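> Taking the hints into account, I'd like the entire structure generated from these sequences.
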Amino acid sequence: VPAPDEVVGRGLAHERTILAWNRTGLAVAVCVAVLVRHAWPLQGVGRDLAVAMIAAVVLLWVPVVATASRRPGRRSLVFFLMTVATVGLAVVGCLVAFLTNPR
Amino acid sequence: MATDPPATEGPPATEDLAAEAPSVAREPDVRFTYANERTFLAWNRTALALIATGVAATQLLPKLHVAWGRRLLGLPLIALGAIVAAQSFRQWRDNEQAMRHARALPRSLMPLILTAGIVIVGAVAVVLAAFGTD
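These protein sequence lines map, in sequence, to chains P and R.
FYI, the numbering for the first sequence is 1153 to 1255, going by the numbering used here.
FYI, the numbering for the second sequence is -13 to 120, going by the numbering used here.
Calculated from the structure, these hints are not laboratory results.
Fair warning: there could be bad hints in the mix.
Covered, in the sense of this in silico footprint (three residues per stretch, anywhere, with C-beta under 8 Å from a C-beta of chain R), are these stretches of chain P [said to hold, decoys possible]:
no.: 1; segment: 1159 to 1169
no.: 2; segment: 1196 to 1203
no.: 3; segment: 1234 to 1245
As the structure is a computational prediction, the values presented were derived from the model and not from experiment.
Here a beta-carbon is modelled for each residue, glycine too, at the ideal position from N, C-alpha and C.
Right, dumping it as structure tokens:
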């Protein structure tokens, strides 16, 4: 039987980890917003599409955090997808930097 | 054909012993697993911040006299973000393996890569600020 302070330690570690996932989700949303802001003009349908994309990121984050809330096990797929998504954002960022012509 | 003598003599290093010994994978303390997970997430957020900063540098800075001046600052930051993201997954996986087999955690080069990258981009920014603007 684990000691009480060990139980508390594990619970707090779990809580800190969930908070870290949520911070990361906010960082993803901000990064997508920055990219969308500069990817195309935010007028008319383009603006609605941009808002829909940011909302989609937030909605996609729900199952990610739900998976992260479970007890830790072999969840390498979540981490792998997270890495692929971040590298994908970097590729989009490079395209935005190359293709757009800022004033 | 003559064979080369062993490169080193004496007992093998601890890491070599760990690699040779048929260790049994065990579930590590959940707190260490969470700590490893949070470290991965912290590196991932750093990567996202680098990407956002790189995009902002290419889009929001005033035009410089140097050709490709803004891209010279922004693109390395975005590339550094991609490298940090890929390396963070590798480090998380290696740490997880090391903990499961009760080995020492592998040494990480990521702080060095990140610091060197930021210092280089910072130096380029200083040069551009000194010579590339009005």
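> It remains to establish, for every hint, whether it holds in the given structure.
For each hint, the structure was consulted:
Counting residues of the segment 1159 to 1169 of chain P whose CB lies closer than 8 Å to any CB of chain R gives 6, which reaches the minimum of 3, so the coverage claim holds. A stretch counts as covered by a chain when three or more of its residues have a beta carbon under 8 Å from one of that chain; for the segment 1196 to 1203 of chain P and chain R the count is 0, and the coverage is violated. Only residues whose beta carbon comes within less than 8 Å of a beta carbon in chain R count, and the segment 1234 to 1245 of chain P has 8; three or more means the coverage holds.
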